[in-house]
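Engineer: Going line by line, the protein sequences match chains Y and D.
Residue numbering for the first sequence follows the working numbering, beginning at 1 and increasing consecutively.
Residue numbering for the second sequence follows the working numbering, beginning at 1 and increasing consecutively.
Heads up, some of the hints might be wrong.
[Claimed, not checked] With a cut-off of at most 25 Å between alpha-carbon atoms, the simulated DSS-like pairs for lysine-lysine come out as follows:
#, chain 1, residue 1, chain 2, residue 2
1, D, Lys-307, Y, Lys-133
2, Y, Lys-133, D, Lys-19
3, D, Lys-307, Y, Lys-70
4, D, Lys-156, D, Lys-307
5, Y, Lys-214, Y, Lys-72
Since the hints were made in silico from the structure, they are not lab data.
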Amino acid sequence: MNFLKFSLSLIISSYSILCFSQSADSVRVEKKSSNLSMSYNSSIVYPGVRVGVELPVQTISITKTKKSGKTKDFVEDRFVTANLSWYHHPSFHDNSYLTVGWTMRRTKQSGFVTEFSPEIGLSRTFLGGTTYKVDDSGNVTIKKEAGYYYALVSVGGGIGYDFSKKKHKPLLIFSKCNVFMMFPYNSTIYLRPAIELGLVYKPQNFLCMKVKSKHRNR
Amino acid sequence: MKNLFPIMLSFFVLISCQKEKISIGTNISDTFYLDNAGASMRLLVEGNTASKTFLIFVHGGPGSSSYFYNTDYISQNIENKYAVVYWDQRDAGGSQGNSNGDNLNLPQMTDDLKKVIELVKYRYGQDIGVFILGHSFGGLLTASFMTQGNNQSMVKGWIFTDGSHNYPLNDTLTRQMLLTVGQQQIDQKKNVDSWTTIVDYCIAHPGNFTFEESTQLGIYAADAETYFKKVKKINLQTMINENPTKNLWPVTAILLNLRYSSNAGFNRDLAKTEFSSKLGVVTTPTLLLYGKYDFTCPGGLEEDVFKRISSTDKKLAVSSISGHDLMLQDETFFCNEVDAFIEKHK
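Using the sequences plus the hints, can you model the full thing?
Structural biologist: If you want it as C-alpha cells, here you go:
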C-alpha cells in the first residue's frame with residue numbers, strides 16, 4: 001500500500017506543478033463523480049480482463065477559434081486511475097497486475113474520444129504449469145503458487161466514443177493499445193503488447209472528488 | 001482496497017493451471033516447470049509417454065529455445081513413437097525468473113540438466129529410458145553433463161547434432177572451413193563479393209582468437225550456409241512465422257531472453273571451454289550428426305567426439321543438404337537416424 005500511496009502522491013504533485021504554469025480564463029471548483037471501467041484485456045490472442053476506477057482531477061473546457069472564425073469545443077479531462085488487470089497465456093503464465101496511472105482524455109463535442117495514459121504498478125505472475133523443485137539428492141517437491149513479482153510500467157493510447165455527449169447516457173466505449181514492460185525479468189525486461197476493448201461507466205454520485213474546472217479560449 | 005489485491009490474487013491462483021497433470025498416452029502434451037537457482041524453466045513433454053522412452057532436446061544459443069524444435073515433422077515422426085521433452089534452459093524461451101543472471105553459467109546449467117532428467121523420471125517413472133540430444137551450444141552442455149561424475153548412467157544414449165564440445169577448436173575449424181570453401185566458391189565465381197570479404201577476414205585472423213574474432217567468425221559462418229541453394233534457409237523470422245500462436249509461444253520473452261543470454265558475460269568463459277580432454281570417460285552409446293554445410297559447428301567437431309569417446313556403440317552420420325540446423329533442414333534424415341538409434345538402445 002505504501003507503494004500505492006507513493007505513486008499517487010508523485011502523480012498528484014507532478015500534476016500540481018503543471019497547474020501553476022497554465023493560465024486559465026475562468027477557474028472554479030466543482031464536485032465530480034469518479035468513473036468505473038471494465039475491459040477485455042487481450043494480449044493479442046490471450047484473453048484477460050481489466051477493472052478500474054478513474055478519479056477525476058481536472059477538467060478543462062477548451063474553445064478553439066480557427067482563422068475562419070469557426071469555433072471548436074472540446075473537453076480535456078485528467079484522471080488518476082487505479083486498475084487491476086489479468087491475462088491468461090496458457091502454459092506460460094497468468095499475470096495479474098495492479099497499476100496506478102494518469103489518464104489524459106480529450107472529448108470532442110461529437111463524443112469522439114482520444115486518450116493517453118502512462119501507468120506504473122506491480123505484477124504477480126503464476127507459472128502456467130505445475131512447478132517442481134529438485135534438491136541435490138534428487139528429491140522432488142511441488143512449489144505452490146509458483147510465480148514472480150515484477151515492477152511494471154505501461155503506456156497506452158486509444159480512441160472511444162462518449163455517449164454522454166449526444167445521447168445523454170453515462171457510458172463511454174473505448175479501444176486502447178497498451179505496451180507494458182516488466183522488470184527485472186530474467187535479469188532483463190519483458191515487453192508485452194495488450195489490446196483493450198472496454199466500457200467506462202460514469203455514475204452520477206460515486207466517489208465524488210473536488211475537481212478544478214477551467215474554461216480556456218485558444 | 002487493502003483486501004482487494006490478495007482476494008483477486010487468490011482468485012487468479014485458483015483458476016490458473018498449476019494443478020499437477022501427468023499424462024500417460026500416445027499423444028499427450030504436458031507443460032510443467034523446474035524451479036532451480038532462481039530460474040523457472042519450462043518443460044513441454046509431447047508425444048508418446050506410454051512408450052516409456054523420452055528424448056530431451058537440449059537447445060542451442062545460449063538463449064535460444066526448445067520451441068523451435070517442436071515442428072510438425074518431429075511431432076509426426078518422433079513424437080508418435082517416443083515422448084519428446086522440449087526444455088527451455090534458464091534465461092531462454094519461456095523460462096522465467098527475476099534477477100538471476102549470476103546463475104547463468106555452464107556448471108549451473110549442467111546441474112539444471114541433471115535435475116531435468118530427475119524430474120522427468122519422477123513424473124513418468126524411474127523405469128523410463130532417457131536420451132539426450134544436444135544441438136549447437138547444447139552440444140557443449142551435454143558434453144559437460146556426460147563427462148561429469150556418474151551422470152551418463154542416467155541416460156541410455158547421447159545424440160550430438162551440429163554441436164560444439166570445444167569452442168577454441170570450433171573457431172579453428174570454422175575459420176578453416178570458411179577459408180577452404182570460400183576460396184573454392186570464389187574460383188567458381190559464386191557470391192564472389194561476400195566470399196572475398198569472408199576469406200580476407202580469415203586470412204587476417206589466423207588463430208588465437210579473441211572473443212570478438214570468435215563472434216565475427218560465427219556471424220560469417222551463419223551467413224555462409226545461406227549462399228548454398230540446396231540448404232534450406234532457417235532464421236528467427238521463418239521460425240516465428242510458423243504460427244507461433246498454435247504453440248502458444250511467448251514471442252517477446254523468447255526474443256528478449258535470446259538477446260540477453262547471447263550477450264551475457266558468460267559467453268566469454270564459454271569461448272575458452274573445451275571437453276575434448278574429458279571425453280574418454282564417455283561409454284554411453286552415442287549418435288553424432290552434422291550438416292555438410294554447417295560452418296557454425298563444422299563436422300570436425302563431431303569427428304573429434306567420435307574419435308575420443310570410449311563408447312563401443314557409436315555412429316557418425318552426415319547430411320548432404322543441411323547446414324547448422326539439421327533437424328529443420330533435413331528432417332527426414334534427422335528423424336530416421338534418431339529413430340533408428342533410439343530403437344536400438346531404448
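Engineer: What are the numbers of the hints the structure violates, in ascending order?
Structural biologist: 1, 3
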